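Trainee: For reference, the chains in residue letters:
Number of protein chains: 2
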Amino acid sequence: MSLFWSKVVHKLHPYVPGEQPKISDLIKLNANENPYGPSPKVLEAIRLGTSDNLRLYPDPNAEPLRQVIAKHHSLNIEQVFIGNGSDEVLAHIFQALFQHDGPLLFPDITYGFYPIYSKLYQIKYKEIALMDDFSINIDDYIQANSGIIFPNPNSPTGRLLSVAEVRSLLINNTDSIVVVDEAYIDFGGESAVILINEYSNLFITQTLSKSRSLAGIRVGYGLGHADLIEGLMRIKNSFNSYPVDRLAIIAGVASIQDHNYFQSTCDKIIKSRDIIVKELVKIGFKVTPSAANFIFVSHPKYNAADLAKELRKKSVIIRHFQQNRIKEHLRISIGKPEENQQLLTVLNSLV
Amino acid sequence: MSLFWSKVVHKLHPYVPGEQPKISDLIKLNANENPYGPSPKVLEAIRLGTSDNLRLYPDPNAEPLRQVIAKHHSLNIEQVFIGNGSDEVLAHIFQALFQHDGPLLFPDITYGFYPIYSKLYQIKYKEIALMDDFSINIDDYIQANSGIIFPNPNSPTGRLLSVAEVRSLLINNTDSIVVVDEAYIDFGGESAVILINEYSNLFITQTLSKSRSLAGIRVGYGLGHADLIEGLMRIKNSFNSYPVDRLAIIAGVASIQDHNYFQSTCDKIIKSRDIIVKELVKIGFKVTPSAANFIFVSHPKYNAADLAKELRKKSVIIRHFQQNRIKEHLRISIGKPEENQQLLTVLNSLV
Chain A
508 MSLFWSKVVH
518 KLHPYVPGEQ
528 PKISDLIKLN
538 ANENPYGPSP
548 KVLEAIRLGT
558 SDNLRLYPDP
568 NAEPLRQVIA
578 KHHSLNIEQV
588 FIGNGSDEVL
598 AHIFQALFQH
608 DGPLLFPDIT
618 YGFYPIYSKL
628 YQIKYKEIAL
638 MDDFSINIDD
648 YIQANSGIIF
658 PNPNSPTGRL
668 LSVAEVRSLL
678 INNTDSIVVV
688 DEAYIDFGGE
698 SAVILINEYS
708 NLFITQTLSK
718 SRSLAGIRVG
728 YGLGHADLIE
738 GLMRIKNSFN
748 SYPVDRLAII
758 AGVASIQDHN
768 YFQSTCDKII
778 KSRDIIVKEL
788 VKIGFKVTPS
798 AANFIFVSHP
808 KYNAADLAKE
818 LRKKSVIIRH
828 FQQNRIKEHL
838 RISIGKPEEN
848 QQLLTVLNSL
858 V
Chain B
508 MSLFWSKVVH
518 KLHPYVPGEQ
528 PKISDLIKLN
538 ANENPYGPSP
548 KVLEAIRLGT
558 SDNLRLYPDP
568 NAEPLRQVIA
578 KHHSLNIEQV
588 FIGNGSDEVL
598 AHIFQALFQH
608 DGPLLFPDIT
618 YGFYPIYSKL
628 YQIKYKEIAL
638 MDDFSINIDD
648 YIQANSGIIF
658 PNPNSPTGRL
668 LSVAEVRSLL
678 INNTDSIVVV
688 DEAYIDFGGE
698 SAVILINEYS
708 NLFITQTLSK
718 SRSLAGIRVG
728 YGLGHADLIE
738 GLMRIKNSFN
748 SYPVDRLAII
758 AGVASIQDHN
768 YFQSTCDKII
778 KSRDIIVKEL
788 VKIGFKVTPS
798 AANFIFVSHP
808 KYNAADLAKE
818 LRKKSVIIRH
828 FQQNRIKEHL
838 RISIGKPEEN
848 QQLLTVLNSL
858 V
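Sequence order for the protein chains is A and B.
Position in the first sequence counted from 1, then plus 507, gives you this note's numbering.
Position in the second sequence counted from 1, then plus 507, gives you this note's numbering.
These aren't lab readings, by the way, just hints derived from the structure by calculation.
All clues stand as given, with none of them false.
The list makes no distinction among identical chains, and a pair is therefore deemed to hold if it is satisfied within one copy or across any two copies.
Cross-link-like lysine to any residue pairs, in silico, SDA-like; alpha carbons within 25 Å at most:
hint	residue 1	residue 2
1	K631	R832
2	K834	V853
3	K626	I649
4	K578	S698
5	K821	L563
As the structure is a prediction and not an experimental result, all values here were calculated from the model.
Given the sequences, and given the hints that come with them, work out the whole structure.
Mentor: Next comes the structure, spelled out in structure tokens:
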């Protein structure tokens, strides 16, 4: 506490990210990181880019990466915004597009950063309860609002909305921005990117942290109508000219270009998810249908916090949230087969 | 323009950074970049760090780098804040520490981002005119304010305040934060860091972009009382959990640890600055005394915009600002001896 703090600082309750433990032999299934490393072509590109040129500022708008991402999604470069992780892109969206009178709508169970951004930018919001099966009912969002945001698939539930449902939401909500946070879309969902040229109020965020294995490099992006991108650019260029560094631009370009590696990694994770789900169901777990690189589970006979504690004792860390409605659930990131097996072995011994 | 923009977006006039030209054989003296590459130890550390670990999130607060910087400045780790370039640190300072009733004070001729941050966070500000010789008169800042910020040395003038002058300002201004932006302090100034344990309202920013040759990597930091750092942390953790990536943390640590390389690079630039100043004076330029890696010059007989244009034709780019009071001046970054010689040759042919 300090007398020198701005008023807003006193009211903030910052986001708590998944723990980054210092101990190295843990099985880390708590932060939805990709168990496979980045494409070898990405690592090679970074090494080649590590030169005296690092003395020079990067391209302020990461143009080479914008171009590659635009091409990848069959969009124009003016429809692409690059940021320091999708968290930074989301923060700019909240400031650039959500500061209006009405309430911003998002699910009651969702990415924990949304209420935090709202407080940071003093945006009124209303949490819309998920259905009992943790699905989003899009009809619940047809009400006065100054914006709508949800992850698809949702986090921490993993549940997916179809493109048809996103379209239906857009048809019924034309006066404010609908942001679809597609951090986990590559693990079995269909992206709503194909709707961008039809709906000027649709904004999509994606990240290289999950399906591209680059959480350590910090690249995310936003896709939408050029006017929305310009709004974000104005915020970005009033905040930090160069948020994405030279090596991150190089890594991003190489990553998007290595489609085969990306696809094979995603396929492996989807396959592992299917196996682990079957095994958990066998020992009595209830598993929410997931289209993400994590699953959301509960066991009718065991307390989730206790299970998390016991797993931790056996060197497996997963994520347990304190929120009332989900405190009997665990979110488990999909690891490599041998890590998943270790998780299953420990859980088998516990239940 | 878009109906979906938040109100604040309409009023923003974003910062325009020094051009990053695509043509590679230009002599680039326009963005105060270091003409020498980063320490070879930094490049080696980045290459070694380029591994599968990039799939994992970085340490959210860049703790290894915080530790090294704290040690370097003989401070505690709680007195250090790391950001994505000092621009991000400054943006957080404006939001965390300057949103109060009174006006924020800064020089009329200074870093162009200050009024832009003020608009982004809707902070009232008052520009204090520099003296005719472009020096800051600290007595002018003894008036009601909600904060004071200036670069030391100032940009684009290069003029330096002594630590005694900074201390005097702090003694006379105890009710609001004084931020000293020391982006250029390593080129001949004395840092006010030694005052941090004495004055709880002093905040200092530094960067690895200039004297550490890492503009392309994006690392800056803030130093101040632990309570002020906590205020910034709250903003940062409500904005972006991981703004500094794994390779930037590694590069930063290696850079701070290679003191000899840093010192020899700074020494070379200071020596080059002395030579170029002497040569420019010989051909009639007026040169503002500089303690930075750039100089601020004018010629009584030649129009600055014309000189900039002619230099550009000969492949030398320097920075010319449109602001009325300085539109007859040019800001020239110090290059390698051969680049400076090329600049002098062209100017000799023009005047």
